[in-house]
Amino acid sequence: MIERLIAWLIRRPHYYYLVRGPLRVYYARYANPAFMIWVSFLLRTYKEAFARTRPVIWSSAFVPTELVYGLGGVPVHPEILASLMAYFDISGWFLEKADTRISTDLCSFYRIALGMAMAGFLPQPDLLLSSSTFCDGSNKFFGYLSQLYNVPHFFLDVPYHDGRHGRRYLVDQLKDLTDSIAQLTGIPWRPERMERVVELSNRARGYLLQINDLRKSRPAPFPGSEALSYGVGMMFCSIGTEPSVNFYRALCRFIQQKVDQGAGYLPEEKHRLLWLHHIRPYYPNNIFDVLNGNGAAVVFEEASHVYWPQLDNRAIFESVAQKILSNFSNGPLERRVDNALKMAKTYEVDGAIHFSHWGCRQSCGGASVLADVLKAQGIPCMILDGDGGDPSNYSPGQTQTRLEAFVEMLE
Amino acid sequence: MAEDRTILTDLRETIERYMGSLSVREAPVIGWCCSYVPVEILESAGLVPLRLLPPPPAEMGDAYLNPNFCGYVRAIMGEGLARAYPFLSGLVVMNTCDGMRRLFDAWSHFHDLSFVHLMDLPRITTPGAVVYFREEIERLIDRVSSHFGVSISTETMASCFRASNRTHTLLQQVQDLMGQGRLDLTDYEAIELLKATGILARETCHPLLKRVINESPMEGDRRGVPILLTGSMLENPEIVSMIEAGGGWVVAQDLCVAGRRSENPISLTEDPLMALARHYLLRPPCARMQDSQRRIDYVSNLVRSYHVRGVIYYVLKFCDTFLYEAPVLKQTLDHMGIPMLIIESEYRGGWGGGIQTRIQAFLEMLNGAGSPDQREATR
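Line by line, the protein sequences are chains A and B. Position 218 of the first sequence, counted from 1, bears residue number 218 in my numbering, the numbering being contiguous throughout. Position 156 of the second sequence, counted from 1, bears residue number 156 in my numbering, the numbering being contiguous throughout.
Honestly, the hints are just simulated from the structure, not real lab data. Cβ atoms here follow ideal geometry from the backbone N, Cα and C, with glycine treated the same way.
Taking lysine-lysine and the DSS-like style, the derived pairs with C-alpha atoms no more than 27 Å apart in a straight line are: (1) B:LYS330 x B:LYS317; (2) B:LYS330 x A:LYS97; (3) A:LYS216 x A:LYS375; (4) B:LYS317 x A:LYS97; (5) A:LYS216 x A:LYS342; (6) A:LYS216 x A:LYS270.
Now the stretches of chain A that chain B is said to cover, found in silico as 3 or more residues with beta-carbon under 8 Å: (7) 92 to 103; (8) 129 to 136; (9) 145 to 157; (10) 350 to 364; (11) 368 to 378.
Far from chain A by the CB rule (all over 12 Å, computed), these chain B residues: (12) GLU13; (13) THR14; (14) VAL24; (15) GLY46; (16) PRO56; (17) VAL150; (18) ARG166; (19) GLN180; (20) LEU208; (21) PRO217; (22) GLU219; (23) MET274; (24) ARG358; (25) ASN367.
From just these sequences and the hints, can you work out the full model?
Following this line, the structure appears as structure tokens:
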């Protein structure tokens, strides 16, 4: 009953006007103004998506959002919405539905998103846009949605090798794809619109770099748990928009203040940790409480790493291709390992936690190698098995024992 | 029946002898583990390609790859670390899926084999993708040539393509006979035979295939519910025996180890690398390819061509691409009035009574369904 009522409400664009005020009051207790920008951004995006004033483009997390904005669309990210459902502790509603259709061994974020689609929690897409960056699950999930909604699915096949041939292959696809989408939506591809998107993207990137620089400070000024939440959310959904610039500017100022005050996010920072993987469990859990309670600060996470160079308006497709190919999750694991080692050094960490999300083969499959290389460099690495979206795969007692043992070992 | 057993016994002995001979071969043996690997390139370089189909269990692999990984990948990793292939000089891994990609990474890191090559495989089949795949084949040639100090001439390549086309013709004949019920083998033996073509050298497997073809009767007297077996990696065809025991007849297969291969031979009249790229990339697709509709059309055509009455979809646990595809294919088959049974299983064989019961129930349901003519035909 509640589920149906919420589904009915969120499909009404006016609902977003109504909830914005109360949410602003509720979240005012957070000292960080960036958080409210995130909430407002989400509300505005989904209001637009349900109102369908612009083409609604469901997009996978690693498709550069600059493309979607450049095409004049509203991006909807099923994976991000799935993590929000977990955050509100209602992912079970959707998992139950999805599990009647697909295997429970698949990534819970896609299972939740499928359940949301089945329950009418998602706006009707005009088209789907995904890339092969990161994982098989994304490729096939969007293919499945295309059948479910009977809408076109545009797909970027990202080559494994970042070389001359691979780059040409990707650039050609980008050109074809933008042409085809522009024809489908009737919104012509206008370079001046993309130029503005690129400018905003580069400005957001500049603030992100400043934030990452500030986060090197001791004690750690900003918790990794929050960076892995709305910080990463904004990175996936908003780059190329005005709110993204506002968000990262606000976050940068907030962290700068903390650094100037010498204030860490923990009362006493005993250990510095690096979080490996783009996600964390989003449902209520005790992982970060246990770490905080033991003085272990998650000072940085690979998800926040700015892996891409500035976009260049003079060669936009080449530049977007470069952004996609620069992702350290593409290509051999060595790239991710090198990146982890650099981050471990830059942020002077004492240890790392690899969150092995059940259903994420590409990440779990690299955990042993990552841990082995980090250990060889004197950085202990704990492989924490868990699930980012499905609380039924979470065992608080066992997780606490493992985390405490790991932190104890760091001492 | 005695002859059937002889063929299976011969096949097993031949494989055993062949595997034993690999240790004393001068030519380097190169392992491969995906049917998209263009083995003709390895053959053209004078190397010995060997499809790795390790037996379960995979405990050793479990220590290096997460337990939520495909059992086939874990088995390869485990067997590699356990030195089950001491004669191996190299490994070619295809970027087929996350499992294979990470197998390459883990093997490269934890194993001391000096030649481990990952070959990219496009997920789409546009002309640009074919060109990119051609370049990947060229990269394989460069790596093989520089590592093993060999060169590949156009003539050798053409000769290897011709040999591959002969295998193609023989396999096609075997599969046609299987569909006509004229193969003098059980379905289990037939799948074992098709599987063996990835293991044995062409000169060893061609006589076996020819013998099976020559010994086939003129008229087929095979009866049973016509079944299409489709899905991912099937190491142990015990499931086929269960289908046969339940009154089913596997008239067609679309599996990584049998059946799923190009419908056409390699063209000998164009740029050889382009011909090879097209041959592999445009073949009936694996579920990892992006365009599911192509695969669904292919499976639907098999259903129609072989008058299939039920489809058994076998998928290894944690094989994301096939798991996602299952409901989509099922929906299409439902519209065609063809029931589909999904069997999700570990790479361990030795399936318990649960799977046997499900297969039996499925076949009984099929026997009860259908028109009186169809039921009569399957008796």
